[in-house]
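Taken in order, these protein sequences are the chains called R and W.
Residues 11 to 657 (this note's numbering) are what the first sequence spells out, left to right.
Residues 1271 to 2136 (this note's numbering) are what the second sequence spells out, left to right.
Note that these hints are calculated values from the structure, not bench results.
Heads up, a few of these hints could be off.
[Stated by the list, open to error] Once the Cα atoms are required to be at most 25 Å apart in a straight line, the calculated DMTMM-like pairs of lysine to aspartate or glutamate come out as:
#: 1; chain 1: R; residue 1: K544; chain 2: W; residue 2: E1398
#: 2; chain 1: R; residue 1: K437; chain 2: R; residue 2: D576
#: 3; chain 1: W; residue 1: K1487; chain 2: R; residue 2: E396
#: 4; chain 1: R; residue 1: K544; chain 2: W; residue 2: D1369
#: 5; chain 1: R; residue 1: K437; chain 2: R; residue 2: D568
#: 6; chain 1: W; residue 1: K1487; chain 2: R; residue 2: D500
#: 7; chain 1: R; residue 1: K527; chain 2: R; residue 2: E589
#: 8; chain 1: R; residue 1: K210; chain 2: R; residue 2: D112
#: 9; chain 1: W; residue 1: K1487; chain 2: R; residue 2: D576
#: 10; chain 1: R; residue 1: K629; chain 2: R; residue 2: D586
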Amino acid sequence: MPAPPTLERRRSLAERRWRALAASPRPVVYVGMGSCGLAAGAGEVHERVQAYLREREVDALVVSVGCIGPCYLEPLLDVQLPGRPRLSYSNMTAELADATLDALLAGEVPKRHLLGYLGNGAGGGDGGATAGGEAAAPSATLDAPRFADHPMLAPQVRIVLRNCGIIDPEMIDHYLARGGYRALEHCLATPPEDVIETVKLAGLRGRGGAGYPTWQKWRFCRDTEADQRYLICNADEGDPGAFMNRSLIEGDPHAVLEGMLIAGYAIGASHGYVYIRAEYPLAIKRLRTAIAAMRKLGLLGERILGSDFSFDITVKEGAGAFVCGEETALIASLEGRRGMPRTRPPFPAVSGLWGEPTIIDNVETLATLAAIVNDGAEQYASRGTETSRGTKTFSLVGKVRRTGLIEVPFGTTLRRVIDDIGGGVAKDFKAVQTGGPSGGCLGEEFLDTPIDYENLAAAGSIMGSGGLIVLDRDTCIVDTARYFLSFTQDESCGKCVPCRVGTGQLVGILEAICAGKAELADLDRLERLAGVVKRSSLCGLGQTAPNPVLSALKYFRDEFVEHIVDHRCRAAVCRDLVEYRIVPGKCTGCQRCVQVCPTGAITGPRAEAHNLDPEKCIKCRSCYEICRFDAIAGDAIVIHSGAGNGD
Amino acid sequence: MATEAKRSAETPIRAEDLPRANAAVVRLQIDHHAVEVPEASTVLRAAELAGVSVPSLCSHPELSPFGGCRLCGVEIAGVRGYPLACSTPVAEGMQVTTDTVALRETRREILQLILSQHPASCLVCGEEEDCRRTLTTIRKAGVATGCRSCTNDGDCELQRVAEQVGVGEFGYPVTYRGLEPEHDEPFYDRDYNLCILCGRCVRMCAEVRGASVLAFKYRGPRTLIGPAFGTSHEQAGCEFCGACVSVCPTGALADKVSKWDGRPDGVELSTCPFCSLGCQVELAHKDGRLSAARGAHDAEINDGQLCVRGRFCLPEATQHPSRARRPMLRKGRYFRVASWDEALGEVSARLAAAAPRDILMLVSSDLTNEGLYAAQRLVRSGLGSEGIDSTAGEDLPGGPAAWSRLFALPVSIRAVAEAEAVVVAGLDTRYSFSVAGVQVRRALRRGARLVTIDARDSSLARVADSAMTVRPGEEAQALCRLLHAVRIGDELDDARTLAVVIGPRVFDCPGADQLVSELGALSAREGVTVLPLAHSANLRGALELGALRAVLPGPRPTVQPGGRRALSLAALREGRRPAVLYLVGETPFTERPDCDYLIAQDLYQPPFAVDAFLPAASFAEASGTLTNLEGRVQEQRRVEDLPPGAVHGDARPDWKIFSGLAARLGLPDLEYADDAAVRAAIRAELPGFPAEHDRAPRRMAPLPLPARAAARSPADGATRGRGRFVLIPERAGFRHRGSDLSGAVEGLGELRLEDGLRMCPDDLQRLGVAAGGAVTVRLDGHDLVTVARPDADCPRGSVYATRVEAWGGLTAPMSLDPPARLAALSRLPAQPLRVRVTAGDRTQRSGSADCRTPARARKEEHGPDR
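Please put together the full structure from these sequences, using the hints given.
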């Protein structure tokens, strides 16, 4: 079915403008204004750049874009001068921006903080997977690498994140110019069954964590007799350390919304909700802007693009309860009730929101749909492993050198993600926690495991929504398990006994271990109770809550035993098991630690090695920090753990 | 297979389990027992029917599955993990195992987790057996943490499940949560430390009652249950129906009155004596005293539900310390205790001495059928007088004939829940007729349409599809118009079944007689049910047994229409003076009415001097029957069994007092050996009236309309009087016989539901009445001065007052010194009246107890009343 002339006209206009932007006769400055950029100070940079251009009376265009991935490099500033490619600069500050712009406008290419050049429309590691303009050829004189060859970007395959950091997320034209809503047009011209078939062929599985085949869920819903069906986009991302969905919505809201239209059409829904946590104000704002723009173009409302399909989308803010990411709790919350899961059956696909068949899809699942339709299911399915097709986004955080938002095909090994993309770990890799508080800690032996749903589950962890937290030798595995358990305990809705009381008892045992007050029998008790909570909890939150403990016990049991038997925390994290010592030979007697010690535990005259009275020491870590960074000697104070003489 | 699941001795078969005509049956196996259950049953229900008990704490037959306690996990062949019996629907050929080593282990672990947050040291104590007898270890356990100091000890589901599952070696530290128990609510206490968060109370409140007062608060380990946002139950809209208390598996929720009674000695099925619905109650008794009442699972009427009166007011109403339990006689200046012989002798002598036309007996329609029949028989055949009347007779402009026409309509409480459309007029079911409200909500859940008509905001108006707000006093006319529209097919024409629920206030409104005619015409249609609600528990019995003015048993109209000459309540109010006034459970006065000799027969003494007092037995002390508005003759059972004596007194059933008088008057025909003998006499006179209790509903043969009935209400329903406010006199709801329940029942007194006048807060503000301030209501000649309470449900320009037909010998919470100025209340007409209202006490021109500021007082003195 041909799109009504308005959209077609608008698209060609958008494409013209998009090309014009690449070949702009004016300088174009792009500032990464995702939450990661803003947190690093992009707001200031953005203001400074505008002030700079005003002051120098430079006629330039400033474009805000989303997160392109390497969050550790934020704030990112791209400058595109007429006839030159777009150059990326990292770790900007207001002063640096001034200097960089000065140099660039003077015709130089400053090397400091330069990441490389970026063709308009060519994302890092684009790989040709998305449509769009090709990179302008770098001029021969330009001595800069391609940003896409940056070690963090090169191994990635960006399908879901195809537009993030490239386009202005508040401009529907940018999205249209990059092939936006073509997939929707295509779908509306085919029967809904064929759309489901395409998704089946692509092998798409739910990206929220459980990995249930998306097409199967849709089919259940479509096959249920009902006057009304609903689609919900689950954007209640709550895992500590996970920000895939936030960055995606902030960087490319239309990809998610187009996915919702496609899914809504496939299941026969007439209304969609985006359930998004209120802690994501920028993402909410971008969604609302995008929805308003869609409405203007007739992409929402009655008879979309002249078809028989009518659909509307409401953004609903959640109040920040982790459990509301669980389907039935989310529905309860959406209906205005307390976010509390209920027993299944009936499944939401049969009886969900207001008792009608409801499909709840993760942000990433939905954002993938347009790419599947545009590129073809076979093309999408050609990536990944036998059981897990396509790509997956991860938020790579923790003790790796390069942190950020990444997208790789399934089947990529953890080692490639951590060492190649993440740049490795500075202080001995210890473990990687996948799937946030519902996942597990996987040690070195899993580094060569290809990432897919089955492999992670077999290892005792889960895929989850895509959080990867890398731990090094300074991280105590017992403390990490305790942290995740106390998180799930606090976030338990309180409905079922194993989750409400069981997680509390697990935390109690872990705290005893951290405090050196446990006995070996407690490990069996821990394991048994974790098994009970896992087996008998009502919803996914409780059923997966013991995973961090169980996996830690499985792969790092010796550390638990060390805590219990030797009263030793090898990472020197568990406060009750450590002791602060001054290394006599290293201390220069600079007195900095004497000044910061709140209890007067450190004494000694200037220029002589100081004494630390363990009786008075409250292990506040102040002396350790000051010695490491401010004192003359450095490293003269060590945190020691264990009954022996230490290392 | 070793089985820890015991076969329960009694498995009640519920209505929904009975095979229906078109319900498919599913066959499955539970622990190798084949069982057939209706489809859509749960595995738990199927297990129950198979006689297999699966431990569970959060499931409840009346409530939706919750899945919180996780104890009822079972194994089902071909299904992964341990699906919950309580929420898994049965399927054909399913093979369920409820007891395996793994299940037992998991249940034990979960139970230990529950007990780690519940004071349960007794359950794991090795000396439990000894301690049960001698409390040897109570000191060790600590008073707060043992079962022996719990109100529910011995009647606790957690104890039972602990016994069934076995606690085993306890591996977790036990924490006492140390939360302060709440004792501030009027009828029940809440101890969070005993709460296991099973959510039954929350679901009961939301799903069955439709009140949604209770909610889960906070989350994770801090989760609590209670009204949200820290409000009190009253603020949150609690009906105080106690359904939450009844389903609580532990001692977390407990009745204030009976919590320390322990396990009852027995439970008797009886009928609630407080309104005409006739709810079935289970009366638990302990040591010969009524302990607590709970709703009986009677599918026809209340299905386990009650209102605040039925649930919480019965024990205190019969056991209040100010109950008068001994006959008293006035001798000169003294009013003193007399023997029954002496008292009956004196009263019978006075009755014999008076001329029949100078005798008036006022008899309450709260009495049993036996009491009512014996009363009218004593007056009519024994004393040859027509002087019998009841305040209930004043309720309808059309008189008894109109009521008989209402009871001739199809009246069914259960049909309300099954109706496709429900019309509710002039009714708030929060505290009164809550069971009718529950049935209306049940209909709503089944998809019925609800239309309400009221001048006030009400609990049902808030959930109605269409809530019509009319001016105060116009409810009857509005309902009449709506029903007419329904009859001619303009409204609700798609509903095949219709229920019309009418609050007592509506019958006092102008146009009530036309309403009765309209109801008659409408109910000629198939599928129409009418519920004319009346506060008097036995109004229908009074009508059928002739315990009203100008009605003979049957009912038949009096043969001689010379009623005008006979004494009546109306004649008394017009100033006629009886020689003997005999008050049987009636006190429609605030001061002693003018008569030669005044007899009171009641549970409590009236608040004015009487010449003889005869203590009547309460609903718990005597057996009898009550007729509900559907015509069911239902049994009231005696549960109080205390030895007569100085402490317990010697109250007698009403019929027995009348029988004693008859013996002394030389009327052997009117003597009865027991209540069955009275019923035999009734049957002899009225062959159509059920002899023994008979719960079949009956439709009444209507009395002919008196010719002048239609003229009694003003044309076109214009409200009489002058003034900016409309005074709506309401029949008192919280009365039993002649007594004010708010005085006897402490919790009801705390709620202060009927004291003072209720007015719109905006009006009070405009009048300048401070909280708790007095207002003066100008009636013809009698000014009424009392406290005005703000009530947000009242519309502007309205004054709701409770008519005084009962001022029993208890504290009168309405009294504002001096009580004489309340006298106008007993003179209030039944119909709404236009009045003028001013702030403060206008009768007291120079009163120092005036709540007005001097400036405002001056302004009011000089400014005209607008």
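*Do the alpha carbons of K1487/W and D500/R lie within 25 Å of each other, as the hint requires?*
14 Å, holds
_Run the distance test for K1487/W versus D576/R: straight-line Cα separation, threshold 25 Å._
Since the Cα atoms of K1487/W and D576/R sit roughly 43 Å apart, the hinted pair is violated (cutoff 25 Å).
*Satisfaction of hint between E589/R and K527/R, Cα-Cα up to 25 Å*: 16 Å, holds
_Hint consistency between K544/R and E1398/W [alpha-carbon to alpha-carbon, up to 25 Å]_ = 33 Å, violated
*Is K210/R within 25 Å of D112/R, Cα to Cα?*
Roughly 53 Å between the alpha carbons, so the hint for K210/R and D112/R is violated.
*With a cut-off of 25 Å on the C-alpha distance, tell me whether K544/R and D1369/W pass.*
20 Å, holds
*Given the hint that K1487/W pairs with E396/R, test it: the Cα-Cα distance must not exceed 25 Å.*
Answer violated: K1487/W to E396/R is near 46 Å, above 25 Å.
*For the pair supplied as a hint, K437/R and D576/R, is the alpha-carbon distance within the 25 Å limit?*
24 Å, holds
*Starting from K629/R, check that the Cα of D586/R is at most 25 Å away, please.*
9 Å, holds
*Are the Cα atoms of K437/R and D568/R separated by 25 Å or less?*
Holds, at about 20 Å.
Consistency note: the structure conflicts with the earlier hints numbered 1, 3, 8, 9.
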